[in-house]
Amino acid sequence: MGRVDITMPQLGETVTEGTISLWLKAVGDLVKVGEAVLEVSTDKVDTEIVSPADGVLSGPLTPEGDTVPVGTVIAGISSDAPVPAASGGRHAGRALLSPRVRRLAADHSVDLAGILGTGAGGRVTGRDVDAHLDSVRSTTATAPDHREPDEKPDEAVPAGATPMSRVRRITAERTLESLRTSAHVLSVVEVDYTNVDRVRNAIKAQWKDEHGFSLSYLPFICRAVIDSLRQHPALNASVVGEAIVQHPTVDLGIAVDLGERGLVVPVIKGAHDRRLAAIARDVSALAQGARGGTLTAEQFAPGTFTITNNGSAGSVLTAPIIVQPQVAILSTDAIVRRVVPIRTEDGEVLAVHNVGNLALSWDHRAMDGATAARFLAAVKNVLENRDWTTEL
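Numbering (my numbering), first residue to last: 176 to 567.
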């Protein structure tokens with residue numbers, strides 16, 4: 176009974192505000208829990224915000240185009256208000272396009288009819304227009320130069336150059352800010368994945384048939400990281416001013432590559448309570464949701480530790496940049512076939528195993544090298560020695 180507030184969510188680690196792009200419902204409309212109510216845009220992501228309860232949308236609504244701080248009440252859901260008669264919605268007949276989409280289309284002479292929308296009901300979102308503009312810029316940058324002989328190139332952007340997209344500019348700002356903030360140090364450990372392979376190879380075909388996606392190495396690494404963070408809480412922490420805050424839960428960020436659209440880091444909340452099979456499903460769902468633009472505000476809540484899977488692109492050693500205000504980030508680099516010495520009862524022999532590096536960037540303000548090394552050693556030990564059959 177009563178009113179449940181809808182507040183501006185935090186859609187990223189460093190996001191402090193958001194812009195109301197579009198109200199999908201009007202005051203007095205009946206809504207169901209989990210139903211999209213509005214679209215919010217931040218410097219990291221455009222996303223739909225769903226209703227936290229069943230009821231009737233009540234005002235005052237924060238106007239479209241307004242930017243407000245995270246946590247600001249922007250509307251409410253009244254569970255004891257009279258239910259309105261069906262009217263087809265106050266947005267009936269109106270093209271559901273946010274002010275930002277309309278502005279981008281007008282500024283760049285974009286024909287929105289030619290863009291495939293990824294929003295609800297096929298609606299074109301700001302992210303869709305950004306991706307379209309990035310594609311056009313890329314094509315233009317590689318096209319032959321047809322200037323007249325006496326025509327001078329643009330002085331602001333050199334001929335043949337591609338202007339940074341909005342996402343690229345934001346990434347540049349955030350990474351430079353992190354480098355200026357944290358005392359970055361890199362530590363690397365080599366992991367032999369033979370123990371993981373014994374279980375993974377035996378069930379991966381059945382797993383894909385049952386779940387619809389492949390069982391990669393990443394969930395095993397995530398599980399090992401989660402357990403090791405509980406043993407070494409100094410890495411599951413944040414720097415706040417001149418204080419270090421250790422977090423009681425592990426909220427694991429998974430960096431997802433969106434190609435030309437950039438990079439996002441959705442989060443597995445409460446990952447410390449998840450076992451291997453559940454984590455594998457979580458990782459797959461986050462990746463699919465990020466690429467399809469269907470993730471919720473809750474899935475972009477702040478994390479406590481981040482993993483970036485650069486090995487999927489073939490990288491064998493990466494020094495990732497810490498996500499502020501976290502104190503460490505792990506890169507899972509490519510797993511390759513390598514000859515390694517193996518100790519047996521008859522002495523050492525050479526064998527070909529799957530081996531890969533785990534590279535940890537850590538903040539020297541929050542810990543010293545021995546702490547980081549002990550954490551990596553713990554992750555390595557779990558991967559190389561745990562009986563994974565107990566979790567599948």
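Since the hints were derived computationally from the structure, they do not count as laboratory data. Treat the hints with caution; some may be incorrect.
Claimed, not checked - Straight-line alpha carbon distances no greater than 30 Å define the calculated BS3-like cross-link-like pairs of lysine-lysine that follow:
no. : residue 1 : residue 2
1   : Lys-207   : Lys-379
2   : Lys-379   : Lys-444
3   : Lys-383   : Lys-555
4   : Lys-444   : Lys-383
5   : Lys-383   : Lys-207
6   : Lys-555   : Lys-379
Each hint tested on the structure:
| no. | hint | result |
| --- | --- | --- |
| 1 | Lys-207 / Lys-379 | 39 Å, violated |
| 2 | Lys-379 / Lys-444 | 26 Å, holds |
| 3 | Lys-383 / Lys-555 | 26 Å, holds |
| 4 | Lys-444 / Lys-383 | 25 Å, holds |
| 5 | Lys-383 / Lys-207 | 34 Å, violated |
| 6 | Lys-555 / Lys-379 | 22 Å, holds |
Going through the hint list in order, the structure does not satisfy hints 1 and 5.
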